[in-house]
Amino acid sequence: EAQVTQNPRYLITVTGKKLTVTCSQNMNHEYMSWYRQDPGLGLRQIYYSMNVEVTDKGDVPEGYKVSRKEKRNFPLILESPSPNQTSLYFCASRGQPTNEKLFFGSGTQLSVL
Amino acid sequence: AQKVTQAQTEISVVEKEDVTLDCVYETRDTTYYLFWYKQPPSGELVFLIRRNSFDEQNEISGRYSWNFQKSTSSFNFTITASQVVDSAVYFCALMPNSGYSTLTFGKGTMLLVSP
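So the protein lines, in turn, are chains A and B. Take 1 as the starting number for the first sequence in the numbering used here and just add one per residue. Take 114 as the starting number for the second sequence in the numbering used here and just add one per residue.
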């Protein structure tokens, strides 16, 4: 089954404790992206990757890191989480052509205390 | 820069009423794509439709219909005879047809359908 898999689904952590949210897709998609969703703000893009080893900032990249060492994986790294990063996070991927729809993961609800 | 505006934050209707969700967009690109996604209470994002800027034909899929008007930069979504299962947050999104190709979302409209 074609899917984008995020883990974990829920995560509670404390300020400053490094964490990684994993994202994997099995559709051989070149494009992958991370969004965060906050009430009243909709979904905002954090980072995206057009291909392996190619990443770029989205609208709200501060406090986040990503890597794209393999085509299928696109982890989101919070080196020193802060409470304002409490949010619902979505990973997404898309194939070619570029106008194809985004496939989204199920989301990761992160709470930073 | 591109922008998507969903002016309706929340809409409440009674089952079987028709409801229209508004979406207005801004872009300098001459070609682009418009999308609608649904987010039910379970939280996942469900793709509903993609529309090419070249194609201004309205589309109907069951109880759902979409009205794309390039002249007013709008891509409105109508649910006919709403049902409780339609309760969700609906997002409109825009993507330019260029190498950058990132999807910009509106802030969403929460639709509450009561029995």
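Hints in this document: simulated from the structure, not taken from any laboratory. Remember, predicted model here, so these are calculated numbers, not experimental data. Idealized CB from N, CA, C, for every residue including glycine. A portion of the hints provided could be inaccurate.
[Claimed, not checked] Label pairs and their computed distance ranges (CB to CB):
(1) B/T143 x A/P61: 38 to 48 angstroms
(2) B/T144 x A/S111: 34 to 44 angstroms
(3) B/S155 x A/D38: 11 to 21 angstroms
(4) A/T5 x B/M223: 22 to 32 angstroms
(5) A/P8 x B/E130: 34 to 44 angstroms
(6) A/Y10 x B/A120: 45 to 55 angstroms
(7) B/E157 x A/K71: 20 to 30 angstroms
(8) A/E100 x B/Q121: 40 to 50 angstroms
(9) B/G156 x A/E1: 12 to 22 angstroms
These are the hints, each one checked on the structure:
Between B/T143 and A/P61, the C-beta spacing of about 28 angstroms breaks the proposed range 38 to 48 angstroms. The hinted range of 34 to 44 angstroms is satisfied by B/T144 and A/S111, whose Cβ atoms lie roughly 41 angstroms apart. About 18 angstroms separates the C-beta atoms of B/S155 and A/D38, a value consistent with the hinted range of 11 to 21 angstroms. In this structure the supplied range 22 to 32 angstroms holds for A/T5 paired with B/M223, their Cβ-Cβ distance being about 27 angstroms.
At roughly 39 angstroms, the beta-carbon separation of A/P8 and B/E130 lies within the given 34 to 44 angstroms, and the hint holds. Between A/Y10 and B/A120 the C-beta distance comes to about 32 angstroms, which lies outside the given range of 45 to 55 angstroms. About 23 angstroms separates the C-beta atoms of B/E157 and A/K71, a value consistent with the hinted range of 20 to 30 angstroms. Taking 40 to 50 angstroms as the suggested C-beta distance range, the pair A/E100 and B/Q121 does not conform, at roughly 28 angstroms.
The supplied range of 12 to 22 angstroms is met by B/G156 and A/E1, whose beta-carbon atoms lie about 19 angstroms from each other.
In this structure, the hints that do not hold are numbers 1, 6 and 8, in rising order.
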